[in-house]
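Trainee: Protein chains in written order, with the working numbering: chain G, 1 to 159; chain S, 1 to 159.
No wet-lab data here; the hints were simulated from the structure.
Among these hints, one or two may not hold up.
Chain copies aren't distinguished; within one or between two, either way the pair holds.
[Claimed, not checked] List of simulated lysine-lysine pairs, DSS-like, C-alpha gap at most 25 Å:
no. : residue 1 : residue 2
1   : K2        : K69
2   : K2        : K88
3   : K29       : K105
4   : K98       : K43
5   : K116      : K3
6   : K116      : K2
7   : K144      : K29
8   : K144      : K88
Number of protein chains: 2
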Amino acid sequence: MKKVVVAVDESEESMYALSWCLSNLLSEKNINQNSTLILLYIKPPVPVYSALDVTGYLLAGDEIANIEKYNRNLANSVMSRAEAVCRKFDTTVKVEKKVGNGDAKDVICTAVDKLKADILVMGSHDYGFFKRAILGSVSDYCAKHVKCPLVVVKRPMPA
Amino acid sequence: MKKVVVAVDESEESMYALSWCLSNLLSEKNINQNSTLILLYIKPPVPVYSALDVTGYLLAGDEIANIEKYNRNLANSVMSRAEAVCRKFDTTVKVEKKVGNGDAKDVICTAVDKLKADILVMGSHDYGFFKRAILGSVSDYCAKHVKCPLVVVKRPMPA
Numbered sequence: 001m002k003k004v005v006v007a008v009d010e011s012e013e014s015m016y017a018l019s020w021c022l023s024n025l026l027s028e029k030n031i032n033q034n035s036t037l038i039l040l041y042i043k044p045p046v047p048v049y050s051a052l053d054v055t056g057y058l059l060a061g062d063e064i065a066n067i068e069k070y071n072r073n074l075a076n077s078v079m080s081r082a083e084a085v086c087r088k089f090d091t092t093v094k095v096e097k098k099v100g101n102g103d104a105k106d107v108i109c110t111a112v113d114k115l116k117a118d119i120l121v122m123g124s125h126d127y128g129f130f131k132r133a134i135l136g137s138v139s140d141y142c143a144k145h146v147k148c149p150l151v152v153v154k155r156p157m158p159a
Numbered sequence: 001m002k003k004v005v006v007a008v009d010e011s012e013e014s015m016y017a018l019s020w021c022l023s024n025l026l027s028e029k030n031i032n033q034n035s036t037l038i039l040l041y042i043k044p045p046v047p048v049y050s051a052l053d054v055t056g057y058l059l060a061g062d063e064i065a066n067i068e069k070y071n072r073n074l075a076n077s078v079m080s081r082a083e084a085v086c087r088k089f090d091t092t093v094k095v096e097k098k099v100g101n102g103d104a105k106d107v108i109c110t111a112v113d114k115l116k117a118d119i120l121v122m123g124s125h126d127y128g129f130f131k132r133a134i135l136g137s138v139s140d141y142c143a144k145h146v147k148c149p150l151v152v153v154k155r156p157m158p159a
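Model the full structure from these sequences, guided by the hints.
Mentor: Below you can see the structure in the form of structure tokens.
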């Protein structure tokens, strides 16, 4: 296992998937000096329709700036949490961070192919039927479109 | 990684998934004496409506017996191929075989939970849109219903 990409986001599920990956796929005896863990975070796009919202209300420039700032802060906070998880495992694996921008499922698939990853690890949001029907599932999409093996890690139910 | 279940069937994809598993999850330095590889094959159900098919033609008892025999032979041949793959890897991991019966996606999920597997590995049938819409996807279903992490292994396109 040389290049492991973990798709991280603000969810507990993705942090659990990262922990699982560090203890199962990237344990000390399972890595060598070529092993790399890539933390991949996709910022949601600043909506292109943002200049005019559905109510016809014009978003001012500083409101767009606020959305961008919020997204940037979110990216930093997700990456900090992910790095804290890595530190907890006291791993010697090389860790890289990549931040993309756009529709998560498309950007993840493109990034994984471009990085020539050996495996993609992601958490599973255990949405109910209704939320799933609306949001679709990033992992379903990736399972169909990504070229490398994909691990979907489910967080055990809290007891 | 203690208990690894690989769902095998007559497809090339599932044999590729098994090879991937043996070289990545169950490599010699990654296993201990508690590691077990479980080959899980689900026989399709002998249709309950078999006594009377859609044309109103009554299936004779020996035709049902023929279907059952065919299914049994298929199970044996899949398991033999899977064991041949294991032998090729010259692995010291303990290998167990389990054959279930019924609707693959349900039986796989139930079996994996009952076996308390640490991970489920399956191949990805890269069906086109039409076939997928009709057949549904066993791996999609398992990603949603199985409790342990699931690896979906995609066979690289033949060059």
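Trainee: Each hint: holds or not?
Mentor: Okay, the hints, checked on the actual structure:
1. K2 / K69: Answer is neither; intra-copy 34 Å and inter-copy 44 Å both fail.
2. K2 / K88: Cα proximity of K2 and K88: in one copy and across copies (21 Å, 23 Å).
3. K29 / K105: neither (32 Å within a copy, 34 Å between copies)
4. K98 / K43: Within one copy only: 11 Å inside, 44 Å across.
5. K116 / K3: Cα proximity of K116 and K3: one copy only (8 Å, versus 29 Å across).
6. K116 / K2: within (10 Å within a copy, 28 Å between copies)
7. K144 / K29: neither (31 Å within a copy, 31 Å between copies)
8. K144 / K88: neither (33 Å within a copy, 29 Å between copies)
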